[in-house]
Every structure is written in C-alpha cells, then in structure tokens.
Amino acid sequence: MSLVFWILAALTVFGALAAVTLKNTVHCALAVTVAFAGLALFYLQLDAQFAGFAQILVYIGAVAILVVFAILLTRGSETPKDGIFSPSWFAGTTVAAAVFGVLGWAIIQSIHVLPHQTATPSVSVKQIGDSLLGRYVLPLEIVALLLTAALVGAVIVAMHEKGEPK
Amino acid sequence: MTPLAGYLLVAALVFAIGLAGALTRRNAILVLIGIELMLNAANLNLIAFWRYGPHPELLTGMMFAVFSIAVAAAEAAVGLGLVISIYRHTRTTDIDQMNRMKG
Chain A
1 MSLVFWILAA
11 LTVFGALAAV
21 TLKNTVHCAL
31 AVTVAFAGLA
41 LFYLQLDAQF
51 AGFAQILVYI
61 GAVAILVVFA
71 ILLTRGSETP
81 KDGIFSPSWF
91 AGTTVAAAVF
101 GVLGWAIIQS
111 IHVLPHQTAT
121 PSVSVKQIGD
131 SLLGRYVLPL
141 EIVALLLTAA
151 LVGAVIVAMH
161 EKGEPK
Chain B
1001 MTPLAGYLLV
1011 AALVFAIGLA
1021 GALTRRNAIL
1031 VLIGIELMLN
1041 AANLNLIAFW
1051 RYGPHPELLT
1061 GMMFAVFSIA
1071 VAAAEAAVGL
1081 GLVISIYRHT
1091 RTTDIDQMNR
1101 MKG
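Protein sequence lines, in the order shown, are assigned to chains A and B. For the record, in the first sequence the residue sitting at position 94 is 94 according to this note's numbering, with numbers rising by one throughout. For the record, in the second sequence the residue sitting at position 74 is 1074 according to this note's numbering, with numbers rising by one throughout.
It should be emphasised that the hints constitute simulated quantities derived from the structure, not laboratory data. By construction, the Cβ of each residue, glycine as well, lies at the ideal position given by its N, Cα and C atoms. Treat the hints with care, as some may be off.
Claimed, not checked - So the derived label-pair ranges between C-beta atoms look like this:
no.	chain 1	residue 1	chain 2	residue 2	range
1	A	LEU145	B	PRO1054	54 to 64 Å
2	B	ILE1095	A	ALA119	45 to 55 Å
3	B	ARG1100	A	ASP130	51 to 61 Å
4	B	LYS1102	A	ALA119	58 to 68 Å
Build out the structure end to end from the sequences listed, making use of the hints.
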C-alpha cells in the first residue's frame, strides 16, 4: 500500500466522519465535499480518469452546491436546541457498526481469492465514446430520460402551489 | 494486504459512516448527505474491482460507476426538492417532527 493511498484514505474517512458529526449544517456540507474530493482522487489513482473528473464535475460542482442551496433555503444551519442526533442514535450507530463488521469480515476472509491484475489499463477517450455509443447506448438513453424526468420532477415538487402564501 | 482489499475496506468504512449518518441525524438534508456517501462508497468498489479485475479493456465497472454518478445526481435533485417542499409545509427539516402523512 502506497503512502498516497493512506493520505487519500485519511482525507476521505475524516471528511465523511466530519460530515455526519459536525453541528453546523453548512460545515457538514463542506466536509462532505472534502470526502467527495478524496473519492475523486481515489478514482484518478485507480486509472479511471473519466470517472474521476465526472465525480469532480457532478459531486463537487453540482451536488455540493445543491446541498448548500437547500440548507440556506430551509434555514437548516440553525442548530436545534435538543441535539443534532435522533433519540435512537445508539441503535443507528450499532447497526452501522454491525454492517461495517460484516463487510470487513467478508473482505478479510476473501483476501486470497480477490483478483489482482497489476497491468495498468490504458483507456482512451475514443474507447469511452465508442462504448458509450455502442455497447452502452441503451443505458445512456435511459439515463438521459431519467435526468430529464428528475429535472422536471424536482421543479414541480419544489414549486410554490397556487394560492399558498410564500 | 493487497491493494484491492485496502480499497474495499475504505469503501466499507465510508459506507458504514454514511449509514450511521443517515440513521442518526435529525436534519433531513444530512440524511441525504449520508445516502450520497453510501452511493459513493459503492462506486469506489465498482472502480476498484474494474481496475484490479480481469478484462479492464471492456470498461464495465467504470461505465457502471459513471451511470451510477448520473443516477445519484438525479436522486439528490429530487430529494432536496422534496425536503424544500416539506419545509414549506411544516417549517422544519427535523425528521422526528415529520410524523404525519396528511398534507
């Protein structure tokens, strides 16, 4: 395991931890942006440049901005008086720890049968374009339809209703 | 430890943190952030398996991750639209106070 891997792992995990534990909601949004950036750097390190830059564009460029807008529109950055965690926080944490335990146990058990190809895959933009418009053309069209539907749906859901005071 | 196992462990940890956030936070926006973290952890698994598995030239795992990123963006837009809509009705984003289904 290289040093870069450990730095990126620490960045991602601390960003994610800060995002779920900080009190101020705006700080949480900034921390989750750090976690997204760490994951994008992971993708770059795994030779998936296209996915890495898509992650930077979509998550850091769009989703993080969307989250900040939603926080400001709902005034959610005000910290509630009776704590930021729900009363059943202990059960939730236990479930999450159990899930991590099972996943980690499964990974450790299967460590000898995991595939390990050392050859670096060389992916050109031409290859990605060919496969997007060849083998994966149907999923591409479905994603285009889904994004259009989500765009219209999000606007309709968040739109002011008629006769409702603003 | 092989590199792939390291990536899988990091992804499992991020998934667990996202699950803990989605289950324990009271603010609906932070529950959505937890769900986004879980989706991202799954994407890291897909790309790590693509990189270290056989036949990376088929681009299967990377394309799956790219489509997953697109679907997650649509999910975030609709989810935050719903949160804003609920806030307009109830003046709160606290999930514990959203305990009725009447509009």
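Status of each hint after checking the structure:
no. : hint                              : in the structure
1   : A:LEU145 to B:PRO1054: 54 to 64 Å : 33 Å, violated
2   : B:ILE1095 to A:ALA119: 45 to 55 Å : 48 Å, holds
3   : B:ARG1100 to A:ASP130: 51 to 61 Å : 53 Å, holds
4   : B:LYS1102 to A:ALA119: 58 to 68 Å : 60 Å, holds
In summary, the one numbered hint that this structure violates is 1.
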